[in-house]
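Asks: Chain residues, written in single-letter form:
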Amino acid sequence: MHDSRPAAGLAEYRAELHRWLDAHHEELAPCFAPPGTLDDHIAQMQRVKRILFDAGWMQCGWPERVGGRGGSPMLRTELGAAIAGRDLTDPGLFSLIEVLAPTLIDFAPQELAAEVVPRLLSGAELWCQGFSEPDSGSDLASLRCRAVPGGDARTASTWVINGQKVWTSLAQYSDRCVLLTRTGPADSRHRGITAFFVDMKTPGITVRPLEMINGEHEFAEVFFDDVVVPADRMLGDLNGGWAVAMSILPYERSSCFWQRIAYLYRRLQRLVEVAQVDDRAAEVVGNAFLELHALRARSRATQHRLAATGTLGAETSIDKLLVATAEQTTYDAARRLLTGMVELDDSAAGELWRSEYLYSRAATIYGGTAEVQRNIVARRLLGLGSDE
Amino acid sequence: MIDAADRAAMAETVRAAIADADGNAAVDEVLRKLGWLEMLDAEPADAIEIVFGALGATQRAATALDDVVVSALGAKPRADLAVLLPRFAAWDPPGRIDADELHAQGLATARAASASEILVVCGAASEPWAVTIRTTSAEVCAVRGIDPDAGFHAVRVQGTAAAAARLDPAAWRSAVALGRRALAHQIAGASRAMLDLACAHAKERLQFGRPIARFQAVRHRLADALVAVEALEATLTAAREEPGCDTAALAKAVAGRAARAVAAHCQQVLAGIGFTAEHPFHRFLKRTLALEGLFGSADEIVRDVGRQLLATRRVPTLIEL
Chain A
1499 MHDSRPAAGL AEYRAELHRW LDAHHEELAP CFAPPGTLDD HIAQMQRVKR
1549 ILFDAGWMQC GWPERVGGRG GSPMLRTELG AAIAGRDLTD PGLFSLIEVL
1599 APTLIDFAPQ ELAAEVVPRL LSGAELWCQG FSEPDSGSDL ASLRCRAVPG
1649 GDARTASTWV INGQKVWTSL AQYSDRCVLL TRTGPADSRH RGITAFFVDM
1699 KTPGITVRPL EMINGEHEFA EVFFDDVVVP ADRMLGDLNG GWAVAMSILP
1749 YERSSCFWQR IAYLYRRLQR LVEVAQVDDR AAEVVGNAFL ELHALRARSR
1799 ATQHRLAATG TLGAETSIDK LLVATAEQTT YDAARRLLTG MVELDDSAAG
1849 ELWRSEYLYS RAATIYGGTA EVQRNIVARR LLGLGSDE
Chain B
133 MIDAADRAAM AETVRAAIAD ADGNAAVDEV LRKLGWLEML DAEPADAIEI
183 VFGALGATQR AATALDDVVV SALGAKPRAD LAVLLPRFAA WDPPGRIDAD
233 ELHAQGLATA RAASASEILV VCGAASEPWA VTIRTTSAEV CAVRGIDPDA
283 GFHAVRVQGT AAAAARLDPA AWRSAVALGR RALAHQIAGA SRAMLDLACA
333 HAKERLQFGR PIARFQAVRH RLADALVAVE ALEATLTAAR EEPGCDTAAL
383 AKAVAGRAAR AVAAHCQQVL AGIGFTAEHP FHRFLKRTLA LEGLFGSADE
433 IVRDVGRQLL ATRRVPTLIE L
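Residue numbers (my numbering), protein chains in the order written: chain A, 1499 to 1886; chain B, 133 to 453.
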């Protein structure tokens, strides 16, 4: 999966990419008035993916066996960061590719991966990730959504799924779902989980969007009632779902973060364009810049380590904590300097800052809470032993 | 450039040698024997990272900062030449020339007490001058302050500026940048040392029948301290790979912030023993407080950086993949 070549050529790629994006600015720019609804953002993202796919950019950094053009995964990171830094798509939505496509590439039967990954990259499809459950948030290994084989587990041609997922991003827009299910005994924890690639149109699936704190419906509850899934849609091994879930971590913690960082720089840029100039503002934007720079420096080192070794581990909990803090500091800076903007301004700019400010409060919660990250840092990186 | 494995091995050698030195005065001699000046000349980034990291970790004081600043100013560093550093928390040249008269006031390392000459930069940072004066013509006074072992001296100079020569403004900026990187490495070494002390204590100290490292409140403080240390180390790598005034300034500011956070967490975990003079923690705490003021405190740098962002209305990314 990984390409151990150094980042040589990355600067040229980046320069060429930005030249191309400059030349195609009008074609790529959002065609809705800001801030736009989630429907607008999804449509824009799929349109941008299509244009980038047709021009060959979306395939860079993906393996040739799934229709990619090969090369270092850092090429993907550069592309995501470039379009996030230009506000062409929302990086949170766009970078879902990074937590979904590698799963298919590493764990799906080859033909299936070759068939569906190009559809995700080209914007023909959207996928979602069914991990969290009402009673399984930070404690993912306790999940209960059950998959039962139609006959013997080893030879069954179908599995039947019953249960519920929650916080499933974009479920109502999705064509497929990477789903974690319980296939072992109820108390088998991470040893009894199996992943499936499920078509969202399968009978028995009900999606109920959840209204978030900013009024959007990015997440949903997903209910599975006797949903029949072909056995060849199993990802990885029977009871090997934990490895599937963990395998997304390197990409979530490298490429996704770099894209988010590009977007946060863009937000701080917007803030310094309009902020009043005084000592207090200098201190507030200076602080946010300091945190973003430290985060960017950390994330850069992380990506180079991934490119060199092909793997990342517990140390990325540090990246996760830094992203969360820097994101909240950036929006706190905006709230403090643009007096009343977040709280009272009904203009398009106000709507945007308000929505993003509220969303940023989740940065210490999603993808593993800040507390879980600190537990990992303490046990795995500081060697403080178990806390039990 | 030396590769990472060799660098780590050299760092360990230097650290052990410095730790073995008999008193701070001997540290300079140890560094001389290790070839510090030759290494500073040949591989400045490696030399600074290794030596200042080791000084921070071992809590020893040396006058190597003089050599870093002198060489960045384009002069040849030597044990007999000290440099006048800016006043505490500032980074403007420490002197001014008024009608051919030199007035300077700033800080210096312990070298100012023994060197025969002091290099003084004066004027505005945008139009600096440099002059080397006899130490005998300066008022050099040891500063006890919060950390008497750091060897700081307060220096006041009043005399003729006849020998002053124009200095390239880029040389002063480079001296500030390299000085900041050196200090940030030292603070990073000290911060990691504080964290090591606190982790060791948390694993040994028993309360309520168990090591306090088992308590989540303690673990999370130590985790946050590690996050701060590692973020600082990343900004130092960035400053090394993308050398410049901005990356160096940010590294120094991150160092100041990290040291304060790490010290606060570690002191709370060390609790009673960390409040005593018999535990080494207090020396790291005091040293990082003293170092934070050299070439600009974190607060001053952050304000300065923020003013630049607002003046240009632009947020630069500084580092790329």
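Take the hints with a grain of salt, since some may be wrong.
Claimed, not checked - Computed footprint of chain A on chain B; a stretch qualifies when at least three of its residues, placed anywhere within it, have a C-beta under 8 Å from a C-beta of chain A:
1) 171 to 179
2) 288 to 302
3) 360 to 374
4) 380 to 390
Unchecked claim - Each pair of labels, with its calculated beta carbon distance range:
5) B:G341 <-> A:G1808: 58 to 64 Å
6) B:Q348 <-> A:A1684: 23 to 29 Å
7) B:A141 <-> A:I1863: 52 to 58 Å
8) B:A141 <-> A:D1697: 27 to 33 Å
9) A:E1771 <-> B:T264: 44 to 50 Å
10) A:L1708 <-> B:P448: 37 to 43 Å
11) B:A257 <-> A:G1838: 37 to 43 Å
12) B:Q348 <-> A:D1537: 21 to 27 Å
13) B:A140 <-> A:G1808: 39 to 45 Å
14) B:A140 <-> A:G1702: 54 to 60 Å
15) A:D1777 <-> B:P448: 17 to 23 Å
16) A:E1771 <-> B:A151: 36 to 42 Å
17) A:G1808 <-> B:Q348: 29 to 35 Å
18) B:F407 <-> A:D1777: 32 to 38 Å
Unchecked claim - Calculated Cβ distances over 10 Å to all of chain A for the following chain B residues:
19) T145
20) A148
21) A153
22) G206
23) A231
24) T268
25) C331
26) G406
27) E410
28) D431
29) D436
30) G438
No wet-lab data here; the hints were simulated from the structure. Note that beta-carbon positions come from the ideal geometry of N, C-alpha and C, so glycine has one too.
Asks: Hint by hint, note whether the structure agrees.
Replies: Cross-check of the supplied hints:
no., hint, result
1, 171 to 179, "violated (count 0)"
2, 288 to 302, "violated (count 0)"
3, 360 to 374, "holds (count 7)"
4, 380 to 390, "holds (count 4)"
5, B:G341 <-> A:G1808: 58 to 64 Å, "violated, 44 Å"
6, B:Q348 <-> A:A1684: 23 to 29 Å, "holds, 27 Å"
7, B:A141 <-> A:I1863: 52 to 58 Å, "violated, 43 Å"
8, B:A141 <-> A:D1697: 27 to 33 Å, "violated, 56 Å"
9, A:E1771 <-> B:T264: 44 to 50 Å, "holds, 46 Å"
10, A:L1708 <-> B:P448: 37 to 43 Å, "holds, 39 Å"
11, B:A257 <-> A:G1838: 37 to 43 Å, "holds, 39 Å"
12, B:Q348 <-> A:D1537: 21 to 27 Å, "violated, 42 Å"
13, B:A140 <-> A:G1808: 39 to 45 Å, "violated, 22 Å"
14, B:A140 <-> A:G1702: 54 to 60 Å, "holds, 57 Å"
15, A:D1777 <-> B:P448: 17 to 23 Å, "holds, 21 Å"
16, A:E1771 <-> B:A151: 36 to 42 Å, "violated, 51 Å"
17, A:G1808 <-> B:Q348: 29 to 35 Å, "holds, 33 Å"
18, B:F407 <-> A:D1777: 32 to 38 Å, "holds, 36 Å"
19, T145, "holds, 25 Å"
20, A148, "holds, 23 Å"
21, A153, "holds, 30 Å"
22, G206, "holds, 29 Å"
23, A231, "holds, 34 Å"
24, T268, "holds, 42 Å"
25, C331, "violated, 6 Å"
26, G406, "holds, 17 Å"
27, E410, "holds, 24 Å"
28, D431, "violated, 8 Å"
29, D436, "violated, 7 Å"
30, G438, "violated, 3 Å"
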